[in-house]
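Add chain B to chain A, keeping to what the hints say.
Chains A and B supply the protein sequences, listed in that same order.
The first sequence lines up with residues 1 to 384 when you count with the numbering used here.
The second sequence lines up with residues 1 to 384 when you count with the numbering used here.
Source of the hints: derived by calculation from the structure; they are not laboratory data.
Treat the hints with care, since some could be wrong.
Repeated chains share a single entry, so a pair holds when one copy, or any two copies, can fit it.
[Said to hold, decoys possible] For lysine to aspartate or glutamate, the following EDC-like pairs were computed, each having C-alpha atoms within a straight-line distance of at most 20 angstroms:
(1) K87 x D232
(2) K175 x E94
(3) K215 x E94
(4) K252 x E17
(5) K278 x E178
(6) K329 x D234
(7) K87 x D222
(8) K255 x D173
(9) K311 x D234
(10) K316 x D288
(11) K46 x D315
(12) K355 x D288
(13) K308 x D232
(14) K308 x E260
(15) K283 x D305
(16) K225 x E90
(17) K130 x D173
(18) K278 x D173
Just so we're clear, the structure is a prediction, and the values are computed from it rather than from any experiment.
There are 2 protein chains.
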Amino acid sequence: MKENLLLTPGPTKIPSEICSILGQPIIHHRTPQFQAMLKEVVEGLKYVFQTQNDVYLMAASGTGGMEASVCNLLSAGDKAITVEGGKFGERWTEICQAFGVQTHVIKVEWGQSVQAQQIKKVLDQDKTIKAVFITHCETSTGVTTDIKAIGQVVKNTNAVLVVDAVSSLGVIDLKTDEWNVDIVASASHKGFMLPPGLAFASVSPKAWKLIGTCKTPRYYFDFRKAKEAWGDTDTAFTPAISIVIGLTESLKRMKKMGLEPLFAYFARLAQGTRVAAKALGLKVFPQDNCVSNVLTAIVLPAQIDGNKLVKTMRDKYGVTVAGGQGQLKGKVVRFAHMGCLTEKDLIEGIACFEKVLQEMGYSFPAGSGVQAAQKFFEQPAVAV
Amino acid sequence: MKENLLLTPGPTKIPSEICSILGQPIIHHRTPQFQAMLKEVVEGLKYVFQTQNDVYLMAASGTGGMEASVCNLLSAGDKAITVEGGKFGERWTEICQAFGVQTHVIKVEWGQSVQAQQIKKVLDQDKTIKAVFITHCETSTGVTTDIKAIGQVVKNTNAVLVVDAVSSLGVIDLKTDEWNVDIVASASHKGFMLPPGLAFASVSPKAWKLIGTCKTPRYYFDFRKAKEAWGDTDTAFTPAISIVIGLTESLKRMKKMGLEPLFAYFARLAQGTRVAAKALGLKVFPQDNCVSNVLTAIVLPAQIDGNKLVKTMRDKYGVTVAGGQGQLKGKVVRFAHMGCLTEKDLIEGIACFEKVLQEMGYSFPAGSGVQAAQKFFEQPAVAV
Numbered sequence: 001m002k003e004n005l006l007l008t009p010g011p012t013k014i015p016s017e018i019c020s021i022l023g024q025p026i027i028h029h030r031t032p033q034f035q036a037m038l039k040e041v042v043e044g045l046k047y048v049f050q051t052q053n054d055v056y057l058m059a060a061s062g063t064g065g066m067e068a069s070v071c072n073l074l075s076a077g078d079k080a081i082t083v084e085g086g087k088f089g090e091r092w093t094e095i096c097q098a099f100g101v102q103t104h105v106i107k108v109e110w111g112q113s114v115q116a117q118q119i120k121k122v123l124d125q126d127k128t129i130k131a132v133f134i135t136h137c138e139t140s141t142g143v144t145t146d147i148k149a150i151g152q153v154v155k156n157t158n159a160v161l162v163v164d165a166v167s168s169l170g171v172i173d174l175k176t177d178e179w180n181v182d183i184v185a186s187a188s189h190k191g192f193m194l195p196p197g198l199a200f201a202s203v204s205p206k207a208w209k210l211i212g213t214c215k216t217p218r219y220y221f222d223f224r225k226a227k228e229a230w231g232d233t234d235t236a237f238t239p240a241i242s243i244v245i246g247l248t249e250s251l252k253r254m255k256k257m258g259l260e261p262l263f264a265y266f267a268r269l270a271q272g273t274r275v276a277a278k279a280l281g282l283k284v285f286p287q288d289n290c291v292s293n294v295l296t297a298i299v300l301p302a303q304i305d306g307n308k309l310v311k312t313m314r315d316k317y318g319v320t321v322a323g324g325q326g327q328l329k330g331k332v333v334r335f336a337h338m339g340c341l342t343e344k345d346l347i348e349g350i351a352c353f354e355k356v357l358q359e360m361g362y363s364f365p366a367g368s369g370v371q372a373a374q375k376f377f378e379q380p381a382v383a384v
Numbered sequence: 001m002k003e004n005l006l007l008t009p010g011p012t013k014i015p016s017e018i019c020s021i022l023g024q025p026i027i028h029h030r031t032p033q034f035q036a037m038l039k040e041v042v043e044g045l046k047y048v049f050q051t052q053n054d055v056y057l058m059a060a061s062g063t064g065g066m067e068a069s070v071c072n073l074l075s076a077g078d079k080a081i082t083v084e085g086g087k088f089g090e091r092w093t094e095i096c097q098a099f100g101v102q103t104h105v106i107k108v109e110w111g112q113s114v115q116a117q118q119i120k121k122v123l124d125q126d127k128t129i130k131a132v133f134i135t136h137c138e139t140s141t142g143v144t145t146d147i148k149a150i151g152q153v154v155k156n157t158n159a160v161l162v163v164d165a166v167s168s169l170g171v172i173d174l175k176t177d178e179w180n181v182d183i184v185a186s187a188s189h190k191g192f193m194l195p196p197g198l199a200f201a202s203v204s205p206k207a208w209k210l211i212g213t214c215k216t217p218r219y220y221f222d223f224r225k226a227k228e229a230w231g232d233t234d235t236a237f238t239p240a241i242s243i244v245i246g247l248t249e250s251l252k253r254m255k256k257m258g259l260e261p262l263f264a265y266f267a268r269l270a271q272g273t274r275v276a277a278k279a280l281g282l283k284v285f286p287q288d289n290c291v292s293n294v295l296t297a298i299v300l301p302a303q304i305d306g307n308k309l310v311k312t313m314r315d316k317y318g319v320t321v322a323g324g325q326g327q328l329k330g331k332v333v334r335f336a337h338m339g340c341l342t343e344k345d346l347i348e349g350i351a352c353f354e355k356v357l358q359e360m361g362y363s364f365p366a367g368s369g370v371q372a373a374q375k376f377f378e379q380p381a382v383a384v
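In isolation and in its complexed conformation, chain A is listed as follows (with noise of 0.2 angstroms):
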């Protein structure tokens, strides 16, 4: 039997505990039932958000949460920031582009992160831009960003600041209002542990003022509606429900670790990887000043093509890791570190890299990696 480990950032593995609930009989939206459980997942959503802001639910992937944001706050010729520095910053330019917003984009090198002196500079410039579109966690290089320095030099404008937490929230700390984000996008398929399919979108006060402005054409997006139906503790249309009933599994097992141990537990699985990689004689994509600890993208050697490799991993071995995205492509891999996965699972993947590294031709002490990996994680882990 060949195993299937999901190493990849995002859909990443799902408890069994919450698969079977995904497997059970449906229920009814507009029922006591599933009210119960709405209004428990947007408690749970508050608390993992760190906000008293509004969260509301879409039933879409992480883009459309995106798309949510930039929509309800922007007009045709509004002006925005937006920052380049791998796949998902662009996102955030095309969608702001397909809204004719004007874009003033900042863009950092694949593998750095922007500094908020840079937007800072922007915005003491041109006072009229409205808005602010961060990457927290850049999914396609690995790259942390510093929000609570951004959100110290946006609030003091008329900016609203807008985060794209769709791999990070739940993995890494994001104080949504103690750093002044006024919104943040997330989804279910990353820190959530549960399949792609449902968004989620944090609404601060300040964000709420813009949108009363905006005069961009949206329906099914539309947080006007969505707040509307919350009056009645409802949704706008339809919800993912079966993700909706996972997702109440999902925040109990958040809650019952608390954040804080969360976030070292998974700081502690990303280091691990790292010293993996450095004892492969390997190098970490990402800048030191801004690794992530959501995913580790490995720079593989110069001969080694990446594209086979991940498909020798996962067709040869099952072990599934994700390629390199846009200019990485073929160059590096990376390993997630979110959700319910252990110590033993990036063991594995490891090992499996090792294997088919060697496979591969690229010469290195066999089991350095791993040995390294475990040397590391045999150390107790850090008291919160």
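Then chain B, alone, in the frame of chain A:
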């Protein structure tokens, strides 16, 4: 143990084989394994849609598929016909108006269906109308509209014909190509026996021409992006993976049965339910010439509070039916005939309906509804 019987017109009961697929570990969507499923699903959908047109999948509820139809076809200021004879017809108007489309609204009394000649008259008077939006089965009233006749009228004009087949597809006949329907929008949680969260749309060459001229800002629902991604057997954005996998099984079941026997099966369920209503001295809401086989809306005796009846059936006896919406609130109950529902399920539903009617003081010969349905179902099904 209280049973949990779902007789609502979406979400509808999920077969246990599909439940068990939905509870399996998830796989990644950018794999040959999932691509093969996507291909199979699109081929299967073309069979059920009875079309050679493109069919696209979106992670969204049915309304997302409806919005996609509007925002890809029409620009602000364009003209369209909508038909309002229930809540879902009104939704076409709402979506069109949200996108600045000038709507010529044909109002039809609830319980009746629009006639092709009414559409023709409006199209003849104004040659600049670009689209006609119709509801195939109006789920709020249980009315079916004659799409074939409307297709005959619209095909000779510049306008495209768009049909909301969210509740009807796979339940009653809809010959997309033969009847000249340009866009059919549907979703996973009615005839396809799956959780909500996946929308579908078929797009004709005539629709593609109009799409090419459309200026409405769009991104997530952009059919051009869906078409481009499909070139690589991919979806534009992360699909609702688990529902797509479940759909492979629904489509197998539907293909195995064949469309004509499938439609005959639901027609029989619907007829049995209508016979039971009559035996209880109750009327079916729609006029005879447009009564739907997708669901049956039964008019309650004037003294019965429909909301209380639905609540009692659900909370006391575990049978969930739908109440009335909009102007029918509290006045009807709605029984679905779709997906994997059986004669036995409907007889159980009718028995529970009788029990609660009696408890609420409506007098009729006890058991007469169940008896009439049983007698009807004893007749051999007519071979198709």
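In rising order, the numbers of the hints this structure does not comply with: Of the numbered hints, 2, 5, 10, 11, 12, 14, 17 and 18 do not hold.
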